[in-house]
Structures are given as C-alpha cells and as structure tokens.
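2 protein chains.
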Amino acid sequence: MTETITDRPVDTLGTRTEVTRWLADFEKALTARDIDAAATLFVEDCYWRDLVAFTWNIVTVEGIEGVRDLLAQTLDRTLPSGFAVAEELGEAAADTESWIKFDTSVGRGLGHLRLRDGKAWTLLTTLNELKGHEEPKRDRRPKGIEHGAVPNRQTWLEQRRREAEELGHATQPYVVVVGGGQGGIALGARLRQLGVPTIIVDRNPRAGDSWRKRYKSLTLHDPVWYDHLPYIDFPPNWPVFSPKDKIADWLEMYTRVMELNYWSSTECRRASYDEAAKEWTVVIQREGVEMTLRPKQLVLATGMSGKPSLPKIDGMDVFKGDQHHSSEHPGPDAYSGKKAVVIGSNNSAHDICAALWEVGADVTMVQRSSTHVSRSDSLMEMALGALYSESAVASGMTTQKADMTFASIPYRILHLFQIPVYDAIRERDADFYARLEKAGFMLDFGDDNSGLFMKYLRRGSGYYIDVGASDLVANGDIKLESGVDVVRLTEDAVVLSNGKTLPADLIVYATGYGSMNGWAADLISPEVAAKVGKCWGLGSGTAKDPGPWEGELRNMWKPTQQEALWFHGGNLHQSRHYSLYLALQLKARMEGIPTPVYGLQEVHHLS
Amino acid sequence: MTETITDRPVDTLGTRTEVTRWLADFEKALTARDIDAAATLFVEDCYWRDLVAFTWNIVTVEGIEGVRDLLAQTLDRTLPSGFAVAEELGEAAADTESWIKFDTSVGRGLGHLRLRDGKAWTLLTTLNELKGHEEPKRDRRPKGIEHGAVPNRQTWLEQRRREAEELGHATQPYVVVVGGGQGGIALGARLRQLGVPTIIVDRNPRAGDSWRKRYKSLTLHDPVWYDHLPYIDFPPNWPVFSPKDKIADWLEMYTRVMELNYWSSTECRRASYDEAAKEWTVVIQREGVEMTLRPKQLVLATGMSGKPSLPKIDGMDVFKGDQHHSSEHPGPDAYSGKKAVVIGSNNSAHDICAALWEVGADVTMVQRSSTHVSRSDSLMEMALGALYSESAVASGMTTQKADMTFASIPYRILHLFQIPVYDAIRERDADFYARLEKAGFMLDFGDDNSGLFMKYLRRGSGYYIDVGASDLVANGDIKLESGVDVVRLTEDAVVLSNGKTLPADLIVYATGYGSMNGWAADLISPEVAAKVGKCWGLGSGTAKDPGPWEGELRNMWKPTQQEALWFHGGNLHQSRHYSLYLALQLKARMEGIPTPVYGLQEVHHLS
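Residue numbers (our numbering), protein chains in the order written: chain A, 1 to 607; chain B, 1 to 607.
Simulated from the structure, these hints should not be mistaken for laboratory data.
Possibly wrong hints are sitting among the right ones.
Just so you know, same-sequence chains aren't split out, so a pair can sit in one copy or run between any two.
Below are the BS3-like pairs computed for lysine-lysine, each with C-alpha atoms no more than 30 Å apart in a straight line [stated by the list, open to error]: (1) K28 <-> K119; (2) K213 <-> K131; (3) K213 <-> K500; (4) K143 <-> K479; (5) K401 <-> K143; (6) K101 <-> K438; (7) K28 <-> K500; (8) K296 <-> K338; (9) K137 <-> K213; (10) K296 <-> K339; (11) K307 <-> K131; (12) K479 <-> K338.
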C-alpha cells in the first residue's frame, strides 16, 4: 500500500485519494439506501447523466433534487456496487476527474466523475454490458469451428445461409430496423453481436447507397477519427474526409463481413403495433413482393434529418427547368454553362453551389436567414483535435475514451465549453469572416455564440463547414442574394422578395429536413407521430429549438411514448456511440430483463 | 539525465546501458568504416539477419566472418546511422534484448538485438520505409478532398474509375502479380500504398475464391491473431479459426476497400522477359479476351504450395468412381453412404476424411509415410500463445512486434527454440499420441523432434494440426492403412502394397504440391524455372529439405536468379509480414534507387 502511494507523483495523489474516497462514500450511501447521504456528495449545481445504467433511459438530472429523485426511483432495483476507478481507461484529462466503473443488478457500467471541492459536479453513468449477455469478442470470440467429429456438421456458410433464408419467413426477427444507412448498420452490428435477431430494411439496392446516391462532390465534413463504426476502425490510410462513394463502399463491406441481415431493395410500406400482442405488423415490399414481418421492436433509422422539407412556392408547377430537393441533386455535370439557383445556405447549399461553379455553371445562392460558418481546418484544430485527431490517437486517446469524454459533459452546460472555442475561431479567422460579411453574407455564431455543434444538437441545421465555398461567395463567384425569400417561380426564373428575377435552368431546394417523427406519421399513423412528438433538439429555447428544457435529444436512442418504437440516427459518431445503449435496451427487453423507465420524456412539440 | 536513470529499476539499468553502449560502439565502428572494430562486437557464433535494409535481399549471415563479409560488401552504400533503442516498440522480452532503429542512406530501419556477454548474438535489421516514399498513413493520410474551389474537379470515384479503366490499356502497370489469394492481395495493398501501379490477375471470378472453392469443411488452422492482413485487423468478434467462406468474404471486401486493381476471371497464359528492354510481356485472358500487359516486374503469388502433385498410378484411367486432388475436392455432401479412400495423411487428408465421416461415408486413410500431429489447442497454448493470442494482445503485444520477434530468431537455431515446445506438447498429450500409435498411425515429430513449424519451413508438409480427425483415426471410425502405398486402381477399388483391396466410390489424392517454380515452368519456360530453381525450404538436410544450408526460404520475397521475377506466398502471417519487404524492393526499383543485391542465392535444386 505504501509502495503504491509513493509510486505516484505528489500532485495526483491528493486527487486520487479524493476520487477514491468519493466513490467509497457514494457506494456506502447507496448500499445503505441512504439517499440523504448520497445527495450530500454532490454540489448544488450538479449534473448526473445516465445512459441506461440506472434509468433504462437516456436522461440527465440536475441539482441535488434531481439526484435525489433519480435515486429514489431507481436505487432499489439497480443495486449499484463496486464503484472504482476504471484504471483500464487510463488517466482522466484533469486532476479532478476520473474514469469510473461499477456494477448494477443486471450489468456492468462505465462512467466519468468530475469533482469540485471534493463533491461531484458532473457524473456520467453508462451501461456497458449485460451480465450473462456479454458480446462474443476478444477472449469470448467464437472459435469458428467445433473441434472434434460432429456427424452432419453444418459449416459456417450453411448456418449463415439457413439463418438468412429462415429469418423473416420461418422465424421472425425480434427487431426490424427501417433504414440501412450508417445508423441502421451500426445498430445492426451491435444487435448481431448481442444475438438479437434483426432485419434491416432499406429501399436502395446496395448498402451504402444512402451516401452513394447523393450529389457527387459530397465528402464527409467530419474527420475520420470521429467516424469509425463499431468493431472495425477505418485503416490508417483512410482519408481524413471520406468521399461519399468510398464511405459507401466501406458500409457495404461492413454490412457483409459483420453478417447483417440487410434487406436491400426493400421498402417499408406501413407498420402498426398490436398493444395486446406486444408486436408490430410491418408490411414491406422486398424486390417488388409484399410481405409482412412481425417484430417485437421497431427502430426508425431513416436519417436524423428526417423527411426532406420542400417549400411550397407559387409557380413550382409552371417552372420548366429542373428542380429538386438537395437530397435528390445528382451533381453538377449536366449543368455546365447553365444558370442555377440554390435556395438555402447551409452545408448542402454551399457544397452544391461550389460543385456547380466548378463545372462552369452560373450559380446564385439565396440566403433566407443567417448561417453559421466554421472553416474545416479551424474546427479540426480547435474544436475536435483534443479528442478526434491523429495527435489525439498518438497520445493514447481511444475512440471509446473520446466518446465517453464527449458524453460526460451535460448538455445544459455544453455551450459554456463551446463558446470560448468559437470565440477563438472567430478571432483566428477574423479576415475570412470580414470578407464573407462584406459580400453580404448573413453570418451568425448561434444565439449564444456557442457555434456549430450546439446548432447541430439544438436544431440540426443552420451552419456550413467551410471547405472552400465561402471564398467563392466572398469573391462573388457564387452570386449571393441574402436576406430575401422566394416569392414565386416563372417558367424560367426565380422571383425574389427584393424584386429581383433570377433566370434559372435549375433550382435546388437546399431547404432542409423535417423531424424524424414525420417518418412515423407516414409509416405508422399521424396519431402515433403526434403521440411520440418531435425528435431531436434539447429544448434550449434558441432558434428552432423551442423549450421547455429537455436535457437530452428528444426521442433519440431511448424509449418514446409509443411502446416498442425507437428512433436511431445522427452522425457517424452518434450512430457509433449511442447504438450501444439502444442495442442494450433492446437486448434487455428480448431477454425479459425488467426495464422500468425513469423519466420518460413528455411531448411538447408535434414536429 | 540523472532523473532518467534513477527512474529505471536497477536491474534493467545495466542492460539498458549495455544495449545503448553496444549501439553506440556499433555506430562508431560503422561510421569509421572500421569492419574489424564492428566484428569484435559480435560473439563467435553470431547471426545477423537482414531483411532488405543492408543487403537488398533476405539473408542471414553467420559468425564473425559472415558479419565481416556482409559489411565489406554493403557498408559503403548503406551508410547506416542513428542506431538507437526503438522506444516506440516498447520493452523487449528479456533483459538482454532490445528493439532498435536506425537509418540508412535511403530508408529507415527497425530491428532487434540480443546480447550475450555484452556482444551481439543475434541481430535483426529490417527496412521499414524508404525516405521520401513513406506510406500515406496516419499523419500522412490523404485529406480525401481538396479544399477550395477547383474548376472541373474530379471526385474520388471519377479518379478511381479512370485509373481502373486506363491501367493495363493506356498505361502499363509497373508490377503484375499472378495469383490473387491472400499473398497477392496483401502485396497488392502494400504496393497501392507505395504508389506502385499494380494489377493482380486471378483466374477465379471473385477475390477470396481461392478459399471459397475448397472443401467445405475447411477452416484456417492458424488462429486469428496470426492472420491479420496489413492495415486492417480482423475485428474483435472474428472467430479464432476463420471458416473458409468467411475469410473469403473478408479478402473480397479488403480488395475492394483497399482499392486494388484486381482482375478476376483473368488467366495468365504466358510470360517472357525481354532482357534488353527490361520488361515482361505477360499474355492474359481476361473474361475470355486475350490481351498483353507489359510490366517491369512479375510476381508469382500462386500459392506457396505450388502446383498440385498428382501421383501416377496404374489404373487411374479405368477407375469409374470420382477421383480428384484434394485441391479440387468439393466437400463430402455427395458421398454420404459411399466408400472413400483418401491417399495421404497431412492436413487436407485429415480434414477431408473427417468431413466424409461426418456425413456417413465409409472412409479409409492411406498413410504412406509418417506424419507429425499436434493438437490445435496445444499449439495455440504452447507454441503461439506468447506472440499470437488474446492474452498476448492484452499484455501489449502488437502484430508488428510479434512478427518482428518471430523474424528475429535465425532459422539456423530456430529448431532449438522449437524442440522444448514439442517435448512439452508430447508430454502433455502423451495419452493422445499413445492412442494414435496404437491404431497404427505412423507418428513423428520431425527428424530432430522440432515439430510442426520447422516442417512447414523446411518442406511445407508432413503434418496435421488436429482439430478432431485424430480421434476418429484412433478409434477406427476413420479406417487406417499405414506404411503402405497404392499399387494400382481397378474399376472400383484401390489395391495397396500390403495386398489389400479397398472398394472405392471416391479417391481423393491428398498428395501435396510441387515447388512454386513449377508455375514458372508453365507460365514462362522450363529454362527459367530451372534457372530460378526450387522455392521454399531452408536446406536443413532433413527429409524433403535437401542441403546445402541456405539460411532463408529459397526464392521467397527476394531477388531470384531471373531478373525481375519474384515469388510471394506462405501463410497469412508470412504474406502479411514479408509483403512489406517485397513491396519495398519493388518500390525502390521503380524509383530508380540503387538496389545492389548482397548474397544472391545459388541454385542447387531444380524443384
């Protein structure tokens, strides 16, 4: 014992003891079911974020009353124990922080603790695996062959083929995932590892088509270290920003080698839930043939962006050129030398404008409201670099630790961490922003200057990650009409609210997407969509993110007001990390493990 | 400096200093071109194994005279410098060992040093990368998008398609690799990263078919940790022993995501080398159409096992049942209830016998000569576990370190490391071996009791890794005729040298493979095959590995007597590790870097 202590430098010794003491005190209070004692271990303005471990929900409680309430409702059945420093996750980022681990009655948890004056300021608890249902990986990996002599042995291929033939026909999947993009695929991989029979249905012919079919200049705006799927990292030669066709090929490969039951060319037509039988009826059309699946759980993974929003504009029926939503835009090649009007000023609008300009189209961007712009290099260096970068990897940061670090900051105070980052970006790129504004571009940094990532969480829109288009806007190569709206279309032009008429061969509506529950309205019923309510957004009360405060993304990866209906989506980082918690929730239900939900969210907005 | 030293435990301090001092002395001697001084740093019975760094060859020199000779012929142009402990590879396995790094005039090297009494006993030097031609990975990875506005930009997909369309037509590959199994694929991936235009031709319709098309019960006999390809590790859920169709799918996906120019359904018909033009003419038939490729380098990666050896037996033309070489065996399904005779007693023979028995065939194995058998579990635990296992990974062993550790033991003394392992296996599995021998099985552990891996290196045959068939042999379920040969076939039976007649519906010739230079005879000419000579084998003078002593595997991954002709192959471990050195040799030649070969092997055997 003495040796262990003297081995450590003096400055971490104090904190170590503080963390260890806090964990011991917390465990003692919880074991004694002494909620009063537990509550005294938190500072007044504390946050406890729980991902499934205590709450069978994704929820953040705030303040001592929040902690008391969570414990009062969950302690007796969670039976937490074994709180300890998670040495296997390495050192935490600061002296007053620590990775932690613990057990519950049914699983093993990991988490993170930030102390202030010896008390918990932020606590993250996550369920990492279910006891008795650990994933068959590393030292639990399958052997691949049953040694010995086995009469009428079935090979791996024969077993795999039989499963694929029977599932959905002779046997029913426990889960149907609608949508086979990155979200559906990542979740499908986790469920496969947990032994949850799952079918992913996707209307496209090939896995990866959700990327492959988009405009040809598209690349991921997030860097590779942020984008790994579960289980298989991108190789070290993978580009920083994946071109869309390359990520599409990767997803297709991944789907294959992870042995997902991925039904391509399959459209989900309608679904209804039988509350008595606790079962969905899901009608699909697979390669033209209608059939019915009867899963216990239904996951909509049709894209966090939801359904394309197409504005209603007078004259859309008389315009004789091409017009389509950005999600349908094929790329610039057919429009060389043509006049294009792109309505919108977020990521897709910028990408499409730049690609059209590159082939020699005459391009005008119609900016209807202000937009945040961050230069990609600045974001990489100043916002993501500490967790997701080559240098982070070189200094021992793993994807798991980065994801957990990210998750450890409560949404309520996340903007406070973000504002200084964007202040610094604004200063660093002052000339860039000045040029952009001089060209008439309406720029913002979010209602509270917290920048891009908060906009993503709050509203999923309102920004452009600059990879080159902003210079074209600044120097006038991409013409800009800002602070205007479209009044009407003629046969060959767009008429704006400032009185200008823009001749057009092509109109692209880069006008965004609705809430994911729009898919539920289409597939299930408007009633169920209304019962579930809006997806995404934190309830921050900022633009397009109406309150009340929710504290977590609405309806994402957690129970909704509709039993057995789940929403999964987000960027590759979110699809990777949160698919774990959704998969564990589904697995627990399949195994009949009690999953009483603490803090099921109320519905305040329909869409 | 003082702090650094006092930080280290005392026992490694001495060694550390010893290693550091040796490296400093070695560098000093080499810098002064003082071969006498350098030679005094080695013990009498020393070994220096060099993989390309000093010799542009794969060669081991022995004894002080060997060291002197190598230095005399390579020192002036190699200009080695910067010898240091390679801290980035971590701690070596023992106190008297160390990972080392160094520079040469053209590249950066890694290596390993074992001291005895302060002098070098074994020295491994390997070329790890060429200066100015580093692979675009990690912090050199491509960005994936050229930021900014680029008129007439080509997307990744467009560039990739154009390259695929032009290569072999408008442009010529620098390298053609014949054979797209694991070897050709691993090499192709390395060459792609090094920017060496390469086409891999394979006669099968799909990458992976070299596994996919083999007998259906086949799984890899090597465990997953031993089998990783370069750049992308198998995921943590991958089976210990890959079923053949699963590894086939992995190879196919790998080929795709690594963007290899893999020409499937393409047969190499003939090749000839123009000594004046320094160019090959390679005639291929691609999807039925004949065309000519003109690469500078030709790699035969058609399988280290070479061409199937089919015995010539009287009556093969009158036998009316099915008969085929093990490489053509489709699996057991058609032979349920039938009588099968399998000629041979190595891996394939055992696997095929067991699979036939499992479907209810009546199976006889004809053992013509003694065979080594090791139980898979024993091999995993006692022979491979320290380098290639889950526990090795958990304790920090990386694939690179494992491969380099393996490579650091000179072949001349490798059997001395192996004999105690197999002595222990023999003791551990004494009952198992007793039962086998009691059933009449002719068992051996190699001429010098060095077991399976030495047999693999020396002759590439003569063993079975038991995954269950041996029990069937021992208990008589698989009938055994041992110490006999086949005299002739009748219409429906096999007649043995012991006078017995075995009725047969099926005969499988599990009779092994010839030397890889047999492919050269077919594709190029018998003259070139003879000029190149036998591939594989160490020249140990043991059974089927005639001397003189070579010290390295003949013709593998290194220059041959035929300019611009190379052989690549081996198991997944070898394909992974040695493809690096072959790729660097090819890259250097493409870039016009001088590559004078030290110690080009002589030819002593034609096949």
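Okay, the hints, checked on the actual structure:
1. K28 <-> K119: within (15 Å within a copy, 59 Å between copies)
2. K213 <-> K131: Neither. Shortest intra-copy (41 Å) and inter-copy (40 Å) distances fail the 30 Å Cα cut-off.
3. K213 <-> K500: Intra 34 Å, inter 67 Å, cutoff 30 Å: neither.
4. K143 <-> K479: between (61 Å within a copy, 28 Å between copies)
5. K401 <-> K143: For K401 and K143, both the intra-copy (29 Å) and inter-copy (24 Å) Cα distances are at most 30 Å.
6. K101 <-> K438: Classified as neither; 53 Å inside a copy, 55 Å across copies.
7. K28 <-> K500: neither (72 Å within a copy, 79 Å between copies)
8. K296 <-> K338: neither (52 Å within a copy, 47 Å between copies)
9. K137 <-> K213: Between copies only: 28 Å across chains, 34 Å inside a chain, cut-off 30 Å.
10. K296 <-> K339: Neither. Shortest intra-copy (51 Å) and inter-copy (49 Å) distances fail the 30 Å Cα cut-off.
11. K307 <-> K131: Answer is neither; intra-copy 39 Å and inter-copy 51 Å both fail.
12. K479 <-> K338: within (14 Å within a copy, 80 Å between copies)
In summary, the structure is inconsistent with hints 2, 3, 6, 7, 8, 10 and 11 from the numbered list given earlier, while agreeing with the others.
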